[in-house]
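Per our numbering, the very first residue in the sequence shown carries number 303; after that it's consecutive.
Hints are computed from structural coordinates only; laboratory data are not their basis. Just so you know, even glycine gets a beta-carbon here, dropped at the ideal spot from N, CA and C. Be careful, since some hints might not be right.
Have a look at the derived ranges for each label pair, beta carbon to beta carbon [to be verified]:
#1 V551 / I736: 26 to 34 angstroms
#2 L626 / W656: 20 to 28 angstroms
#3 Q661 / I795: 37 to 45 angstroms
#4 I335 / V607: 14 to 22 angstroms
#5 A691 / I610: 50 to 58 angstroms
#6 L314 / L556: 48 to 56 angstroms
#7 L582 / S348: 47 to 55 angstroms
Using 27 angstroms as the maximum straight-line C-alpha spacing, the simulated BS3-like pairs for lysine-lysine come out as follows [to be verified]:
#8 K383 / K572
#9 K504 / K572
#10 K504 / K555
#11 K385 / K439
#12 K555 / K383
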Amino acid sequence: MNLILAIIPVVLLIVLMAFFKMSGDRSSVISLIVTMLIALFGFHFSADNLLFSFLYGAMKAVSPILIIILMAIFSYNVLLKTKKMEIIKQQFSSISTDKSIQVLLLTWGFGGLLEAMAGFGTAVAIPAAILISLGFKPIFSATVSLIANSVATAFGAIGTPVLVLAKETNLDVQVLSTNVVLQLSVLMFLIPLVLLFLTDPKIKSLPKNVFLALLVGSVSLGSQYVAARYMGAESPAIIGSILSIIVIVVYGKLTGRKQEKAQKSPLTGKEILNAWSIYLLILLLIILTSPLFPGLRTTLENNWVTRISLPINDSPVNYTISWLTHAGLLLFVGTFVGGLIQGAKVKELFIVLWNTVKQLKKTFVTVICLVGLSTIMDTAGMISVIATALATATGSLYPLFAPVIGCLGTFITGSDTSSNILFGKLQASVAGHIGVSPDWLSAANTVGATGGKIISPQSIAIATSACNQQGKEGEILKAAIPYALAYVVITGIIVYLFA
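All chains should be modelled from the sequences, with the hints used to inform the complete structure.
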């Protein structure tokens with residue numbers, strides 16, 4: 303009975319969004335109310351614990367998720383205001399007029415780099431918005447951005463998910479990182495191929511698509527494996543994304559039509575730098591405040607800190623924001639200074655920011671309800687009931703289903719890191735019972751979590767906000783589900799075969 307009750311919120315959310323085509327804000331409000339009732343009467347969760355769990359979830363939703371979504375869309379809207387997005391579009395067109403190359407470069411390359419540096423939705427919001435400005439349809443732009451924002455998530459935000467997993471399980475970071483890359487190896491070839499095929503599904507384009515996917519996949523896998531094995535969790539996604547961008551750009555230039563090659567870009571270096579100033583400043587700030595510079599990061603992390611403690615299940619739960627290393631603040635500073643460089647006035651920038659807030663009001667409701675829901679499911683014990691039931695039911699076949707648990711964690715929480723906090727210890731302890739390496743099964747949690755990212759309602763809410771498609775969450779979820787299922791099945795087979 304507990305298992306049936308625990309599953310209801312997840313099933314209800316999928317049914318409302320995918321089958322009843324209900325908007326994200328309405329379906330998340332209904333699912334939250336049902337979850338609260340189940341927690342109160344099915345799991346005998348006290349009203350105090352319920353209130354504090356929701357407050358804790360709402361605070362986690364506001365920071366970092368909503369602040370980052372707001373600032374990511376703000377950065378894009380400033381580029382529209384200053385008309386520099388036209389120059390960025392021209393640049394992508396000058397690299398190649400081939401739509402497949404543009405999509406792969408923006409989602410896998412540039413999106414992967416944004417995920418590696420900042421995470422928390424920037425890699426979905428910014429590429430999706432740029433794709434629309436290049437003339438791609440909104441639903442397509444949202445779907446390919448979600449599919450691409452999978453593999454890089456494992457080492458997103460400077461390796462945060464794997465670093466947290468290592469801390470939770472007391473396992474070696476480099477061993478975990480290497481296992482994650484090995485388990486994702488096949489998908490490093492398949493995801494670029496899927497992105498290319500979705501953009502250009504013609505049979506005659508298949509050899510070209512397969513070759514480019516093999517090329518990009520080889521570079522991603524080789525560079526990420528070396529980085530993970532010898533450097534740890536912080537750098538694989540950064541190095542892999544930068545090298546992928548270089549390979550895609552070179553391929554685009556070499557295979558471009560003769561008239562494309564002969565055509566000289568009318569843009570000067572100064573104009574290009576000016577157009578990219580917002581994203582370059584954001585990237586610079588993210589790098590400077592990352593673990594790559596531990597001394598500076600430690601100093602910044604210990605100043606301007608907000609700490610709130612809430613009593614949940616008779617123990618204090620701490621909520622902390624280090625504002626000076628907050629990705630949302632870095633996005634704001636980079637966008638604001640970049641906007642001034644591009645010629646916008648201070649008043650104009652604040653008007654753009656306020657209009658962005660109004661644009662995202664439905665997203666605020668959706669994300670607060672979803673993170674509140676996931677927090678209640680966690681603190682009331684629903685998530686552990688689902689995970690334990692799956693582990694008990696599968697027995698020696700458990701490695702086949704280990705990524706499903708990671709996927710479930712991300713689907714509910716919207717975060718690979720949160721999935722590792724929820725289920726990392728569970729995976730390691732099950733590994734001990736069935737005689738499998740805890741490093742291998744713990745890595746499977748992160749790998750499954752990257753698949754869950756494709757269909758996470760929070761990620762879909764970010765995609766619909768970026769594409770101005772609020773209300774069409776169900777349509778995007780339906781389009782993304784087959785890819786997420788295939789993703790988790792493939793990772794499950796890999797984990798099982800080599801367990």
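Structure-based check of each hint:
1. V551 / I736: 26 to 34 angstroms: 46 angstroms, violated
2. L626 / W656: 20 to 28 angstroms: 24 angstroms, holds
3. Q661 / I795: 37 to 45 angstroms: 42 angstroms, holds
4. I335 / V607: 14 to 22 angstroms: 34 angstroms, violated
5. A691 / I610: 50 to 58 angstroms: 33 angstroms, violated
6. L314 / L556: 48 to 56 angstroms: 51 angstroms, holds
7. L582 / S348: 47 to 55 angstroms: 50 angstroms, holds
8. K383 / K572: With Cα atoms ~19 angstroms apart, K383 and K572 stay inside 27 angstroms; holds.
9. K504 / K572: 39 angstroms, violated
10. K504 / K555: 22 angstroms, holds
11. K385 / K439: 21 angstroms, holds
12. K555 / K383: 30 angstroms, violated
Hints 1, 4, 5, 9 and 12, counting from the list given before, are not met by this structure.
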